[in-house]
Amino acid sequence: MKTWTTVIEKCSETGLYVGYIPGFAGAHTQASSLDELKENMEEVLSMLLEDGIPKKINEFVGTTLVQA
Numbered sequence: 001m002k003t004w005t006t007v008i009e010k011c012s013e014t015g016l017y018v019g020y021i022p023g024f025a026g027a028h029t030q031a032s033s034l035d036e037l038k039e040n041m042e043e044v045l046s047m048l049l050e051d052g053i054p055k056k057i058n059e060f061v062g063t064t065l066v067q068a
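So the sequence shown is numbered by my numbering: it starts at 1 and just counts up by one.
Just so you know, not all the hints are guaranteed correct.
To be verified - Quick list of in silico lysine to any residue cross-link-like pairs, SDA-like style, CA-CA up to 25 angstroms:
#1 K2 to E43
#2 K38 to E59
#3 K38 to Y20
Said to hold, decoys possible - Across the chosen pairs, the derived CB separations fall in these ranges:
#4 G52 to Q30: 23 to 33 angstroms
#5 E43 to G15: 19 to 29 angstroms
#6 Q30 to K2: 33 to 43 angstroms
#7 D51 to S12: 28 to 38 angstroms
#8 M47 to A68: 36 to 46 angstroms
Treat the hints as calculated values from the structure; they're not laboratory data.
Even glycine gets a Cβ: it sits at the ideal position worked out from N, Cα and C.
When you get a sec, could you build the whole thing from the sequences and use the hints?
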């Protein structure tokens, strides 16, 4: 079993959690709770992996802090 990193944000307009797997087209979902988001992401990932591991369109490198 392979582990994938999911980026999670919370939409200030809708209050929904939005998750996506960087580099995988179509690997995104939303939900009203973090538990639901995790379940949705697992379902999305399962569907994407049905035909094998998709080719990544980019690679997640990390995050950084900036000041302005």
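Results of checking the hints against the structure:
1. K2 to E43: Measuring from Cα to Cα gives roughly 14 angstroms; hence the hint holds.
2. K38 to E59: The given pair, whose Cα atoms are some 21 angstroms apart, holds under the 25 angstroms limit.
3. K38 to Y20: With a Cα-Cα distance of about 10 angstroms, the restraint between K38 and Y20 holds, given a limit of 25 angstroms.
4. G52 to Q30: 23 to 33 angstroms: Since G52 and Q30 have Cβ atoms about 26 angstroms apart, the given range 23 to 33 angstroms holds.
5. E43 to G15: 19 to 29 angstroms: Taking Cβ atoms as reference, E43 and G15 lie about 21 angstroms apart, which means the hint holds.
6. Q30 to K2: 33 to 43 angstroms: violated (23 angstroms)
7. D51 to S12: 28 to 38 angstroms: For S12 against D51, whose Cβ atoms are near 36 angstroms apart, the range 28 to 38 angstroms holds.
8. M47 to A68: 36 to 46 angstroms: holds (40 angstroms)
Comparing the model with each numbered hint stated earlier shows that hint 6 is the single one that does not hold.
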